[in-house]
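Peer 1: Reassemble the complex: the two chains are provided individually, in unrelated frames, and hints are given to aid placement.
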Amino acid sequence: MTARHDTDRVIALWLTEIAPERHVDYLDETLGALDRVRQRPAWASPGRWLPMQMTLPRVVVPRAAPYIALLALLLIGVIIAVAVAGGQKRLPAPFGLAATGLVAFESQGDILVADADGSGRHPLIATPGGQWSPTFSRRGDRIAYWSAPTPGDPASLYVADADGANARLLTGEQRFSVPDALPALSWSPDDQRLAVSSDGDLYVVNVDGTDLHPIGKPTHQRSGPVWSPDGTLIAYTGQPLRDPYSQTSSWVIAPDGTGDKEVIPAEGGYEIANVNPSWSPDSRSLLVHTGGAYDGDDTDISIAQRVAGGWTSRAIVPEQTWDYHPSWSNSGTQFSFLRVVEGSNPEQLQLMVANADGSNVRRLSTAAPRFNAQCWSPDDRFIRSFAPYDDPAKRTMLLIPLDGSAIVEIPAPGEMSMGVCSTQRLAD
Amino acid sequence: MDRDLVVRARGGDRDAFARLAAAAVTRLDAVARMITRDPERAKDAVQEALARAWRDLPTLRDPDRFDAWLRRLLVRTCIDELRRARSRVIEVELTELDHPRVADSSLALADRDALEHAFRRLDPVQRSLIVMYYYLDLPLAEVAEALSLPVGTAKSRLSRARDTLRAALEADARDGVEIVGGQPA
Chain Z
87 MTARHDTDRV IALWLTEIAP ERHVDYLDET LGALDRVRQR PAWASPGRWL PMQMTLPRVV
147 VPRAAPYIAL LALLLIGVII AVAVAGGQKR LPAPFGLAAT GLVAFESQGD ILVADADGSG
207 RHPLIATPGG QWSPTFSRRG DRIAYWSAPT PGDPASLYVA DADGANARLL TGEQRFSVPD
267 ALPALSWSPD DQRLAVSSDG DLYVVNVDGT DLHPIGKPTH QRSGPVWSPD GTLIAYTGQP
327 LRDPYSQTSS WVIAPDGTGD KEVIPAEGGY EIANVNPSWS PDSRSLLVHT GGAYDGDDTD
387 ISIAQRVAGG WTSRAIVPEQ TWDYHPSWSN SGTQFSFLRV VEGSNPEQLQ LMVANADGSN
447 VRRLSTAAPR FNAQCWSPDD RFIRSFAPYD DPAKRTMLLI PLDGSAIVEI PAPGEMSMGV
507 CSTQRLAD
Chain S
7 MDRDLVVRAR GGDRDAFARL AAAAVTRLDA VARMITRDPE RAKDAVQEAL ARAWRDLPTL
67 RDPDRFDAWL RRLLVRTCID ELRRARSRVI EVELTELDHP RVADSSLALA DRDALEHAFR
127 RLDPVQRSLI VMYYYLDLPL AEVAEALSLP VGTAKSRLSR ARDTLRAALE ADARDGVEIV
187 GGQPA
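Note that the protein sequences, when read in sequence, are chains Z and S. Taking the working numbering, I'd label the letters of the first sequence as residues 87 to 514. Taking the working numbering, I'd label the letters of the second sequence as residues 7 to 191.
This is chain S alone, in the form it adopts within the complex (with noise of 0.2 Å):
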């Protein structure tokens, strides 16, 4: 990140924050895209936590932060667009692209799908919790931070979201599939 590039933005300079975006929009469409489960979804969420990162970046106090703040509005973002959607009670149909085929990935089928039926139960903090986590690799103080949740709480829902996906795995593998070491036996 180009601190630079943040003072610029966030004096209202539009080449600098698209430079900042043109950086940032590929992992923070990933992010999205693991959080929501949908690619339009995710779409519409990058968009909004853009739009509001212009928006507010004269807000931010401190431009090394900008990362964190970013992705801090991107997961709120993610957060709002699942819970509206499940007030519209929408099915999502599953793309290719939710799908994708891994000629040498180290997962079954039958696990990838397992996890697959259990993440989508979790709910959209579970669900964040569990992609900063395992997926930015953030340190759990951070991941609170994102969600505005003490560390503790943080901690504690972090705890059942990954017993909900163990379950699940544990169900599959009693199904047939013995799991070792993440691979099948």
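This is chain Z alone, in the form it adopts within the complex (with noise of 0.2 Å):
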């Protein structure tokens, strides 16, 4: 026997010696203590698993429809390309109101887009392993998602052109622990770079891949980026190191790492708040649900806003009522929320819009499905969201628009997560 066996002989004895299994008389106290732990949904927002109704009429798009769009839409593709051969294409800006192009989403391991209508669905990204969050770049060339070999493993960051092309790995050897429903990654403003969060920590790379590193100090756990439109900061949800609990604020922090302030302290251990921020397209202020601290406690719509010296903060929705998810619109007018249906046994939820100061507070349905990142079109004329929540298998994008008119239904191959929402951006 060598002496590398030896030692690995002589350690695995050891190991076993040191710590042998034994009664594990905590067990009861570890369980009991699950009463304050709220279990997360997929998508890591407050978890009332409703069923979904709707009750404005819907269009179902057939299973059947994709194929022949997506004919249609390769023939025209092929007219446009000719006629556009040789020149510039036109970028939208990266922020504002801009024409709406295609809206991405997973399902069953594969990213697939359709135009916003519902029609031509198909696969954008199809290879093997498992292919999740997909997130169009601000000016809609390009299109970041995570992948790795099983849905859910640690995962790789790729970066593809628009139209699935030239997929570039952007992290090297380096996992990332990113479950597949969270929004654990978000564009600069200028497409230049990309941050992302896993296990705990914030990171930025550059688009080509290089000079990937984390940023802030271990002093909390941070989740959940979104870069300002100014570029000047990140916002994201701050947690502390050792809790498994709903201790959840809002934080920013400037690219480069420095600058880590709070701006919307954690309120209690009920709900999981201060998630999904929400930036206004001037870079003033910070949309997030708070409060829910305890059994019983409401929720509110808060507002964090830049002022001289600081941050200040305040609920904008401050109703006696169970309100989540707000989302600026790109015109930075209005902002959208989700708020529990009163009374509702199941639990409901529908959709509310509000303009930015938080008045004339209206209903956009009369009941919603659950979503996370419940996001506005570029042109700002629907509302996208996911349903049924409880069963991935008959989930279904939905496209809710604001004038009331039919709400558009993209049907998925086959189970479809639903944390992210992303919809491109078009020159108009």
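There are no misleading hints in this set.
Label pairs and their computed distance ranges (CB to CB):
| hint | chain 1 | residue 1 | chain 2 | residue 2 | range |
| --- | --- | --- | --- | --- | --- |
| 1 | Z | ARG370 | S | ARG127 | 49 to 57 Å |
| 2 | Z | ARG176 | S | ALA147 | 44 to 52 Å |
| 3 | Z | GLY317 | S | SER165 | 39 to 47 Å |
| 4 | Z | GLN391 | S | ASP8 | 45 to 53 Å |
| 5 | S | ARG127 | Z | ASP384 | 45 to 53 Å |
| 6 | Z | HIS109 | S | ALA74 | 22 to 30 Å |
| 7 | Z | ASP111 | S | ALA74 | 25 to 33 Å |
As a list, the in silico SDA-like pairs of lysine to any residue whose alpha-carbon atoms are at most 20 Å apart:
| hint | chain 1 | residue 1 | chain 2 | residue 2 |
| --- | --- | --- | --- | --- |
| 8 | S | LYS49 | Z | VAL123 |
| 9 | Z | LYS303 | Z | SER335 |
| 10 | S | LYS49 | Z | ASP114 |
| 11 | S | LYS49 | S | ARG126 |
| 12 | S | LYS49 | Z | THR116 |
| 13 | S | LYS49 | Z | LEU327 |
| 14 | Z | LYS347 | Z | PRO326 |
| 15 | Z | LYS303 | Z | LEU327 |
| 16 | Z | LYS303 | S | VAL131 |
| 17 | Z | LYS347 | Z | LEU327 |
| 18 | S | LYS49 | Z | THR102 |
| 19 | S | LYS49 | S | ARG61 |
| 20 | S | LYS161 | S | ARG127 |
| 21 | Z | LYS347 | Z | ASP316 |
| 22 | Z | LYS347 | Z | SER369 |
| 23 | S | LYS49 | Z | GLU115 |
| 24 | Z | LYS347 | Z | ALA394 |
| 25 | S | LYS161 | S | LEU144 |
| 26 | S | LYS161 | Z | ARG95 |
| 27 | S | LYS161 | S | TYR141 |
| 28 | S | LYS161 | Z | ALA98 |
| 29 | Z | LYS347 | Z | ARG392 |
| 30 | S | LYS161 | Z | ASP94 |
| 31 | S | LYS49 | Z | LEU117 |
| 32 | S | LYS49 | Z | GLU103 |
| 33 | S | LYS49 | Z | HIS109 |
| 34 | S | LYS49 | Z | GLU107 |
| 35 | S | LYS161 | Z | PHE262 |
Here chain Z is said to cover these stretches of chain S; the calculated rule only asks that three of the stretch's residues, wherever they fall, bring their Cβ under 8 Å from a Cβ of chain Z:
| hint | stretch |
| --- | --- |
| 36 | 19-33 |
| 37 | 36-42 |
| 38 | 52-61 |
| 39 | 135-141 |
| 40 | 151-161 |
Honestly, the hints are just simulated from the structure, not real lab data. C-beta: ideal position from N, C-alpha, C; glycine also.
Peer 2: Encoded structure:
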């Protein structure tokens, strides 16, 4: 036997001696403490698993239609390609209103896209393994996504052209722990860098794959980065290092790791609040939902605003209602959020819209499905959602128009995740 | 691992989760005591890992991956525990549990002491590598995955950790105890 094998055997033997398996007397205590821990829905937001119930009419796209539409799209694509050959493609501004392009989503480990009217659904990235979190760049000409041998495994970050070609690995051999339904990546406004989160750490990487590095000191956990439109800050959800509960708060940090600052403090351990921050187009304010510190405490829509010398925060929709997941419109004139239908059992949600100052809160749908990163189309004409939450196999993507016209429903070929909300921006 | 239990627990069934936890906790506790070398920190790590598991279970896509996923949570909480402990510079007093009297042990007391001291000098990731590779007998690729490390990096760090332990044993042997096949000559 070689000395190396001697060492291996001695180490293995020593390990079995130092910590023999024993009766564990703290399991009941551990399980009892779970009363304080709410399960995190797959998209890491408050745990209200609601059935889908919509009152607006829907337009269901037949499953065969995408293939016909795909052929039509190919023909149109060829014509357009010939027409613009040699010309410079015009790109939209990174923020504000823009024309609406493709909507992207993940199903069965592939990334699919469709037009905003529900037609033309087709796979964009369909390589072996799993791909998820498709996120178009600010100018709509590229798309970032996570990829792993098996969906949900430690993943690598890729960027491809908007048509799915030229996929490039950005993160080398490093693997990231990114649940398939969490919004764990964000483009910088100039589309030259990406911010990502994994296992409580934030990272920034250049779009060419260079200079991947963590930002921020190891003082607390960080997740869900969202780059500000002016590029100066990254908003994220902070959590104490040792906190499996819901002590989540809203933070901002500069892309170089300086200026780490809590802008909305944690309130308590019942709801998972302060997640999915939404920047206003002028980068002056952030919207999140807050509250729910104890069972029975309601949740509010809160706003953190930059003021001289720092930040201030307040509830902008303080009503005694359960409100979640605010999202700024691209124009910055209004925002949307979800509200629990009072007295509903099982609970239902309705999609609400308010003016930028929190006034004129109005209902867009009488009941809406659970969703995480509800988002506005670049032209602000519809809000995107998924339903139902509790059955991925039957889940579809919903495009809910703000003008009250028919909801567009885009079915997936199989199970669909719904954590990331991304729609391609195009030049007008 | 019962796949049905995982699916039910993922859907919010506390009883199902309790059964999964009961089946796993003995092994988790042993692993945590190995990595942390402190029964109280091990208890904290196991409790936190189980709480995180319950909280995040709905994000687990493949129920068949539950065991590996839970193991990964535990290892990471152990690493966090050790990093926090290091920042507080707390000297841990060894308890009887850390030095079991094994009547028919094939390891010499001097070897155990040498390994103990050397192991405590390893960083938290190296300790986790050693435990996962030598005790849990996991393939290197799975060890690397659990620690979110490239396989090459995991291999080199494991090699350095093993070299540290071997050097401790060799130094111990030079001091008078010769190791032959793991037993005193």
